[in-house]
Amino acid sequence: MPRPVHFEIHAGDPARAVAFYTAVFGWKIEQWGDIPYWVVDTGDGDGIDGGLLPRRGPAPAEDAPVHGFVNTIAVDDVDATIDAVAKAGGTMALAKDSVPGVGWLAYCKDTDGNIFGVLQPDENAPAPS
Numbered sequence: 001m002p003r004p005v006h007f008e009i010h011a012g013d014p015a016r017a018v019a020f021y022t023a024v025f026g027w028k029i030e031q032w033g034d035i036p037y038w039v040v041d042t043g044d045g046d047g048i049d050g051g052l053l054p055r056r057g058p059a060p061a062e063d064a065p066v067h068g069f070v071n072t073i074a075v076d077d078v079d080a081t082i083d084a085v086a087k088a089g090g091t092m093a094l095a096k097d098s099v100p101g102v103g104w105l106a107y108c109k110d111t112d113g114n115i116f117g118v119l120q121p122d123e124n125a126p127a128p129s
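Numbering-wise (our numbering), the sequence shown opens with residue 1 and increments by one.
Careful, some of the hints might be misleading.
[What the hints assert, rightly or not] Okay, derived cross-link-like pairs now, DSSO-like style, lysine-lysine, Cα gap no bigger than 27 angstroms in a straight line:
#, residue 1, residue 2
1, K28, K87
2, K109, K87
3, K28, K109
4, K109, K96
It is worth saying that the hints were derived from the structure and are not from the lab.
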């Protein structure tokens, strides 16, 4: 069965986006040659790597519906990650809640308004409050 193997983040200010994702997740992000494209190394283990490139158009409007995929990133501590997002200039899109038997999930926005999920696995997570 086909599986996702790469993601791309579109940014109005690529340098700001590189700083954001490096600060929040510790990803290694390096420009690829002389073109305006950055390779995103998310680390060893399960998951995929990606890229970052300049946005070709306006950023998503506030409260606009999602037009595309939303990537969700596994984290050790969803609350600490939410704090790191805020410190790096991001915001909340949807507050943390539980997914029974799966874990704790929140949706955030990066400094360009891109939405992404953060999930702290916890098989003992209760029903949502």
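Hints versus structure:
1. The straight-line distance between the Cα atoms of K28 and K87 is roughly 19 angstroms, inside the 27 angstroms bound, and the hint therefore holds.
2. For a cut-off of 27 angstroms, the pair hint linking K109 to K87 stands: about 12 angstroms separates their Cα positions.
3. At most 27 angstroms may separate the alpha-carbon atoms for a hinted pair to count; K28 and K109 meet this at roughly 20 angstroms.
4. Of the pairs offered as hints, the one joining K109 and K96 holds, with about 13 angstroms between alpha carbons and a cut-off of 27 angstroms not exceeded.
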